Amino acid sequence: MSTLESQINSVNGFDASLRNRSTRAFRSARHARRYWILLSLFLGAGIAATLGLIFYNNPVPVDSPSFIPVVQRRLVAVVAMLIAALCHSFSTVAFQSVTSNRIITPSLLGYESLYSFIQTSTLFFFGATALVNFSGTGAFFLQVGLMILLSLILYGWLLSGKYGNLHLMLLVGIIIGSGLNSVSGFMRRLLSPSEFDLLQARLIGSVNNADAEYFPLVIPIVIITVSCLYFLSRKLNVLSLGKDVATTFGVKYQANIILILVLIAVLMSVTTTLIGPLTFFGFLVAMLSYQAAPTYDHRYVFPMAFAIGFCILTSAYFLLYHVFQARTVVSVIIELFGGLTFLIVLLRKRSL
Amino acid sequence: MAMNVTGEVGNHSQPPFSKQKKLWTLPFILAVLVVLMLGVISLFTGAYDIFNNEHGKEMFFITRVPRTIALMLTGAAMSMTGLIMHLVTQNKMVEPTTIGTTEWAGLGLLTVYLLIPSPSLVLRMTGAIVFSFIGTMFFFLLLRRVRLRSSLIVPIMGMMLGAVISAFSTFVTLYFNMSQVIEGWFIGSFAPVQAGKYEYLWFIVIVTMIVFLYANRLTLAGLGEEVATTLGVNYNRLIILANALIAVTVGIVAAVIGNIPFLGLIVPNIISMIRGDDLRSNLPWVCVLGMGTITLCDIIARAVIMPFEVPVSLILGTVGAVVFILILLRQRKHRRLR
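From first to last, the protein sequence lines are chains X and E.
Under the numbering used here, the first residue of the first sequence is numbered 86, with each subsequent residue one higher.
Under the numbering used here, the first residue of the second sequence is numbered 23, with each subsequent residue one higher.
Check the hints yourself; a few may be wrong.
Unchecked claim - Examples of chain X residues lying across from chain E (beta carbon under 8 Å, computed):
no.	residue
1	F111
2	N250
3	L253
4	S267
5	V268
6	G270
7	L275
8	T364
9	F403
10	E420
11	G424
12	V430
13	S436
As the list claims (entries may be wrong) - To be clear about the criterion: a stretch of chain E counts as covered by chain X if any three or more of its residues have a C-beta under 8 Å from a C-beta of chain X, and this derived list gives those stretches:
no.	segment
14	89-97
15	177-183
16	188-194
17	210-220
18	319-333
No lab work stands behind these hints: they were computed from the structure.
Computed from a prediction, not measured in an experiment: that's the story for all the values here.
Using N, Cα and C, we set each Cβ at its ideal position, and we do this for glycine too.
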């Protein structure tokens, strides 16, 4: 607040709470300073952990000819983490804003069930050779396309028209997910053990079996989608106030919601297909970033969410790989912490 | 709590108790007959030929009869717990699968396996019951504390809560290297049911009797704390009783059979669509339809890939999901849900 403004306020005798109101993103310079410090801290920690992941405990010396391949191999995992952090942080924050609800995540909508359903039914209907051949960019885009198509059908059907209802859409999404799980479980029962093994290897996702061959296509998609969301920040600021307020402000509620949900669907499908499901990671990230960024402006929340997500993923992998030697359970532990945060937040809520 | 219910208790035009409808009407007798027929079909479905085998009769009484009885008891029990939950929470989308009770029961089983190596069935059951009780109480307390903006948020929350519990279970199984023990549990199947392994399900009969005795009071509890207290019902005691009944049923079924999804949701909803919301006169109907549904699903599960069989929970999960979505859409047409 400028000095002139504050002088006028003090002359007019505004009370403190009113004076603190502002149309700017941060309430005070102190908040803004805290935001930038935290953002650089998280980014710094993330970069440090990344460097650690790439260079620490490298089995070959720097001057050896196999140093570069080792680094390249590790770089693939880091890029996968970067993509996962981008997708989950942006999609969860945007999703929570459009649903005006800070305790749900887009992973609820059954992307992973659909993913495992596609894989299982490919094997079930077309056999093992088809599943082995069902890889590469064509298959990748087919899957992502199917997931986006399903979300589009779901949104178009349940969100538009007279009966449009966000919660109903969510619930139907969850139920479709659990129904698909049952159907794939049913098909998996009918597979021979060798086919089942083949499938099992496909269904367990982690940053370490992310396929680098998809990167040239995935990275542009993710960057474009994420920047779209970022440029929609101002719209999101209004949409997060709810349907009535947003309409009053002249924002086309339904069209914008569907557009944003489609962007979210793109991000979620890409990350699920590339890395596999992470249910509570996005939740954890979004929750922490609301604490760290004391503003409702998405232009500031998004970067913070990304920084925190990247920092959590890289440092979790670094600590668990090189300090605790617990290789297999990284994603499980991230999920556990996300789940615990969810419980704490739920218990502190007064209204849902 | 009474304020935030957006029209979930739909039909207020129940007849007073003095003019209660007769139970043994023609449709009900027909329904019972159909269920009995399904039971008979279930008795004679299977890969083992009981007529032309030396031990046919023995096998019949060792596996087929217990299996059919187990089906009937489980079907009645799970749909009944659904009905009680709908009443007490005033929300028609609440049932053991949608509020995480099932996941809590799984965690209970896991805990027992952790504490005691190779536990007996009674111990496993106790663990499942205790944890289901904790889980259900937790959810109820949560529901009473928060102000709800939409009744649809309740199952969404419940399922996320269930996911948290199962994330925790996954962590525990991985940490203690027990995933094999618990692997098969979440897929409920009647295949291992045989004489000597299912008898605890008979406890469900006692639970059913208690529910019948308390039916009217539970209906009152469904009207909310203020109304129930005004009408002279100890609300808190009734809620604890309802939770205990739910926990005992879910715990027993979890330990003996496994996870039976969606039954408690679809059966009471279908019945209340047809008949309205009176617990006492609906209870027999809910039990009968529950028995019929699960028996039919189990017959399909056994017939579809003869001579093998698929777990009934997969069939029920698929059918249940479809029916649930249809119910949701139907409600949406009737009144705009908020």
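Right, here's what the structure says about each hint:
no., hint, in the structure
1, F111, "28 Å, violated"
2, N250, "6 Å, holds"
3, L253, "6 Å, holds"
4, S267, "3 Å, holds"
5, V268, "5 Å, holds"
6, G270, "5 Å, holds"
7, L275, "6 Å, holds"
8, T364, "6 Å, holds"
9, F403, "20 Å, violated"
10, E420, "5 Å, holds"
11, G424, "4 Å, holds"
12, V430, "11 Å, violated"
13, S436, "4 Å, holds"
14, 89-97, "violated (count 0)"
15, 177-183, "holds (count 6)"
16, 188-194, "holds (count 4)"
17, 210-220, "violated (count 0)"
18, 319-333, "holds (count 3)"
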